[in-house]
Amino acid sequence: NAGVTQTPKFRVLKTGQSMTLLCAQDMNHEYMYWYRQDPGMGLRLIHYSVGEGTTAKGEVPDGYNVSRLKKQNFLLGLESAAPSQTSVYFCASSPLAGAGGTDTQYFGPGTRLTVL
Amino acid sequence: SQKIEQNSEALNIQEGKTATLTCNYTNYSPAYLQWYRQDPGRGPVFLLLIRENEKEKRKERLKVTFDTTLKQSLFHITASQPADSATYLCALDEQAGTALIFGKGTTLSVSS
Numbered sequence: 001n002a003g004v005t006q007t008p009k010f011r012v013l014k015t016g017q018s019m020t021l022l023c024a025q026d027m028n029h030e031y032m033y034w035y036r037q038d039p040g041m042g043l044r045l046i047h048y049s050v051g052e053g054t055t056a057k058g059e060v061p062d063g064y065n066v067s068r069l070k071k072q073n074f075l076l077g078l079e080s081a082a083p084s085q086t087s088v089y090f091c092a093s094s095p096l097a098g099a100g101g102t103d104t105q106y107f108g109p110g111t112r113l114t115v116l
Numbered sequence: 001s002q003k004i005e006q007n008s009e010a011l012n013i014q015e016g017k018t019a020t021l022t023c024n025y026t027n028y029s030p031a032y033l034q035w036y037r038q039d040p041g042r043g044p045v046f047l048l049l050i051r052e053n054e055k056e057k058r059k060e061r062l063k064v065t066f067d068t069t070l071k072q073s074l075f076h077i078t079a080s081q082p083a084d085s086a087t088y089l090c091a092l093d094e095q096a097g098t099a100l101i102f103g104k105g106t107t108l109s110v111s112s
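Taken in order, these protein sequences are the chains called A and B.
As numbered in our numbering, the first sequence has no gaps in its residue numbers, which increase by one up to the final residue, 116.
As numbered in our numbering, the second sequence has no gaps in its residue numbers, which increase by one up to the final residue, 112.
In isolation and in its complexed conformation, chain A is listed as follows (with noise of 0.2 angstroms):
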């Protein structure tokens, strides 16, 4: 198993061009998050999805889309992108957390963006 793959590594735009992060898993995970890391600030929810066709706003929502059309696929998109969004994006994954469960994540590689 791959676990969670991320899709590229790296990444240089200008200011207001777009661009689209893939993130892909082949757990069979329910849940699916986008985080970026910043120096200071650590992780931050950007936004998350409870399953095939659902996504949810996190703590950093603004500047950013998502879609789940695949379960085993999670995509963050960028329309313009700002010098602001320049981080380290990650994807997570994490199985169904019913009653008394948990939902430990599983981390995908990152995304190192670079916006000039």
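Some hints could be false.
Stated by the list, open to error - Lysine-lysine pairs mimicking DSS-like chemistry, simulated, CA-CA at most 30 angstroms apart:
(1) A:LYS57 - B:LYS3
(2) B:LYS3 - B:LYS104
(3) B:LYS17 - A:LYS57
(4) B:LYS57 - B:LYS3
Since the hints were made in silico from the structure, they are not lab data.
Everything numeric in this text was worked out from a predicted model, so none of it was measured.
Knowing the structure of chain A, use the given hints to seat chain B on it.
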């Protein structure tokens, strides 16, 4: 507002000593708490989970305690090794079935 604090950004210890990392939280009543390890340039990796009704959990050289009265978790690495050098993150569930809230992490450096 909810808050998670890992009391120090960096911790330096000598090989063989016990490293103790602290995670404090306010305005939460978590059902469980998790600890993750993150190496430079990589995503976090799950280490241990402790539930609110558990006082202590162990895994090899790792030990986690959870005091819901003090709203604190301690993460211990005994007989530390240079390979234990990494950033350690604590995480709580804000409410059941929602995403985790992560602390900013403590970077541990173990020198030989």
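Tested hints:
1. A:LYS57 - B:LYS3: With a Cα-Cα distance of about 19 angstroms, the restraint between A:LYS57 and B:LYS3 holds, given a limit of 30 angstroms.
2. B:LYS3 - B:LYS104: holds (11 angstroms)
3. B:LYS17 - A:LYS57: Between B:LYS17 and A:LYS57 the Cα gap is close to 43 angstroms, so the pair fails against 30 angstroms, i.e. violated.
4. B:LYS57 - B:LYS3: holds (23 angstroms)
The structure fails to meet hint 3 from the earlier list, while all remaining hints are met.
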